[in-house]
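Protein chains: 2
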Amino acid sequence: MDTRKLRINGKRLRSTLEEMAKIGGTPGGGVTRLALSDEDKRARDLFVKWLEELDLKITIDEMGNIFGRRAGRNNDLPPVMTGSHIDSQPKGGRFDGILGVMGALEVMRTLHENKIETEHPVVIVDWTNEEGSRFAPAMVASGVWAGALKQDWAYARTDINGKKQVEELERIGYKGTAPAKKWPVHAYFEYHIEQGPILEREKKTIGAPKGILCLHWYDIYLEGEANQVGPTPMEGRHDALCAAAEMILKVNELPGRMGGNMVATVGEIQNYPNSRNIIPDKVHFTVDIRSWDDGLAIKAWDLVKKDFQNIAGRRGCPIRIEETWRVEHAPFDEKLVQMVMDSAGELGYSYLHMVSGAGHDASYMNQICPTAMIFAPSIGGRSHVEVENTTWEDCEAGGNVLLQCVLKTAGAAQ
Amino acid sequence: MDTRKLRINGKRLRSTLEEMAKIGGTPGGGVTRLALSDEDKRARDLFVKWLEELDLKITIDEMGNIFGRRAGRNNDLPPVMTGSHIDSQPKGGRFDGILGVMGALEVMRTLHENKIETEHPVVIVDWTNEEGSRFAPAMVASGVWAGALKQDWAYARTDINGKKQVEELERIGYKGTAPAKKWPVHAYFEYHIEQGPILEREKKTIGAPKGILCLHWYDIYLEGEANQVGPTPMEGRHDALCAAAEMILKVNELPGRMGGNMVATVGEIQNYPNSRNIIPDKVHFTVDIRSWDDGLAIKAWDLVKKDFQNIAGRRGCPIRIEETWRVEHAPFDEKLVQMVMDSAGELGYSYLHMVSGAGHDASYMNQICPTAMIFAPSIGGRSHVEVENTTWEDCEAGGNVLLQCVLKTAGAAQ
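These protein sequence lines are chains X and B, in that order.
Numbers in the working numbering are just positions in the first sequence, counted from 1, shifted up by 1075.
Numbers in the working numbering are just positions in the second sequence, counted from 1, shifted up by 1075.
Bound-form chain X, shown alone (with noise of 0.2 Å):
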């Protein structure tokens, strides 16, 4: 058959779906599935089923990262692979992450429902813990996998309770025996929301990032002089949270400054002693500064940063400055984000060429073999949030989308 002419069957996608929100749904319509909770192990045992029904080879590592395999024509080449994360944020959305694991599995039922060989296997994954918000960091899983982060130290991580993540992947029975660690991948696509509204505001349908920016984080410091308010005149005060106040919306014009092309943001603020009659004398904020250029991230850090000495010596607030993480822009193998461009077209959806401003277990996966992301559009550009949303339409477009990369990726007969 012209696998060009084959297509995903967006009923049944729908319907997977609609089946995994039920765990872990929340009353707003959205989903707590936390990493190796009791709602994730019930995803992962759903999904473990529909994956004997297709006959894969499952395999589930130490990390517990779930394989399931679809063997090729030449069983020796190395497989094109495709997944995301069931895992969710608390009262996070319906879509993130489990779109690209329902999605690739939509794509593996057409490929086993079609009868269609490829020369290179397919495996579909389910990365452990993509979230990072029961266990920190994000992305774990999958960067043990690639050798980007020590398997005992990911291992070690604790959530709120002081739990392990090692014994919650005891516990739920998803402590597998084969090693996370990485074996040549032919190709890797992952399916994935945008969770930014340039789709939508931009009106198209099928999102192809040519990589994911940079991210830039620091954190600061400021010292105060507490005193009660009341007798404390204006002038002579040291109030640490006002130099807060300024460096905040100094952070905040920084892109327009700087001309675009990045975003900057202070998410995180901790006040003390954070009473309403006492002067701050201690404040920690955050920034985040993303962008494609590292350069210029590094150019509006350097200015900000004058911005931030200029406000602490003249409110008399020491400053303490943490260049905490920088990861450099990662840009996607070229020939397969055409591809995705290609495919969109070929398909007769529209597409746009953009960038991903969040990371995703792609970022490990692209330090190691040619990679590739589709976004769907998220409806008001909604996400880790239980409104998060994008439609039927477009969940079944850009399965499609995945399904022709894997077709070509894999060598599908025609």
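Please keep in mind that the hints were generated in silico from the structure rather than gathered at the bench.
The reader is advised that the hints may include incorrect statements.
Note that the list lumps identical chains together, so a pair holds whenever it fits in one copy or between two copies.
Straight-line distance between alpha carbons at most 20 Å, and here's what the computed EDC-like set of lysine to aspartate or glutamate pairs gives [as the list claims (entries may be wrong)]: (1) K1357 with E1343; (2) K1166 with E1093; (3) K1278 with E1310; (4) K1410 with E1094; (5) K1357 with E1461; (6) K1239 with D1227.
Following the hints, position chain B against chain X.
Chain B in isolation, oriented as in the chain X frame:
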């Protein structure tokens, strides 16, 4: 004898203050003597022992307030009363509160050893839980005594471990049997550290506050839109923390804009979800405005409220404002305030007619009898911190002013 020549014993005052500072003393040079703690009990026991040495009639009321009464020539006359509080802030200073109790004790000792007779009886008082830092609110026991607060309600206040105030009163053995109920008082003097930098700045030894500033508290709740920071462009964001930052600066600028004569502070802020890679979607912060001029404080609030609404509108962050608490400014008795200044002058001390920005037990006493306060300078204006300090010379000077005011109002033979 000519009681105008009578002086307290500055060395003895210092040694009682030093002995008290050992109870709950912290390595940083302050004290932690929380209301109704073991440290409070030890300090009370020592205080009562010292009162017994002066043959005072000791009464402990149902709120744990400790009174020591020295008979006058005419015991039908209402007494002159003076005192403050023994409890401290966590890691508080060695002068806040205790100076007014030990200063009053030193006055009593001076009267005793000089066998001074007064027309009116003289009562020394330690008010329970002025700070409110273990059991909120502050000044609770003088409030009950003055009839402004309900005793049952005060009893039911709990600390962070869920212990009720009444249970802790009983536990330390200071739940007395006398009703916590006001009786006629001829005059009330409270000697206290300034807790601000004005006296030091003006190089004055004695402060005579004409009263306590008005106190207006507001609570602001902002809503934004939470989103992953990476994929969400700057345009179209609804960042509740940025809105709050603008508002915090508006509050800080408010006194300057109103031409002074007020203070305005944001001391407390909560930010949600408070995660470095999520745009804040909920912020709560407090506003504290104080002025001698109630009308000016209201005018300032009306102005800044409009700013808040404009900022909220411009940033698309719905705002909810609670006008939490308003206490009008409380002018002390003019004659007694003048007496504090005259006494300071007669003793050769420089003095300043000023205001009190902080609340004191004197606020409730002011509602039921002629009241005044005597302020001693705070070094660097610091209070509620371990480095809180006042020179021994200044402690002695304030004690002498208190002595003269007690002698004058109690009607001592000259």
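The hints, checked one at a time:
Taking the shortest alpha-carbon separations for K1357 and E1343, both the intra-copy value of 14 Å and the inter-copy value of 12 Å come in at or below 20 Å. For a Cα distance limit of 20 Å, the shortest separation of K1166 from E1093 inside one copy, 16 Å, qualifies, whereas the shortest one across copies, 56 Å, does not. Proximity of K1278 and E1310 under a CA criterion of 20 Å is satisfied inter-copy only: 17 Å between copies versus 53 Å inside one chain copy. Proximity of K1410 and E1094 under a CA criterion of 20 Å is satisfied in neither setting, with 35 Å inside one chain copy and 80 Å between copies.
Taking the closest pair of Cα atoms, K1357 and E1461 come within 20 Å of each other only across two copies (16 Å); inside a single copy the shortest separation is 34 Å, beyond that limit. In the homo-oligomer, the alpha carbons of K1239 and D1227 lie at most 20 Å apart inside one protomer (11 Å), although the nearest pairing across protomers, at 47 Å, exceeds that limit.
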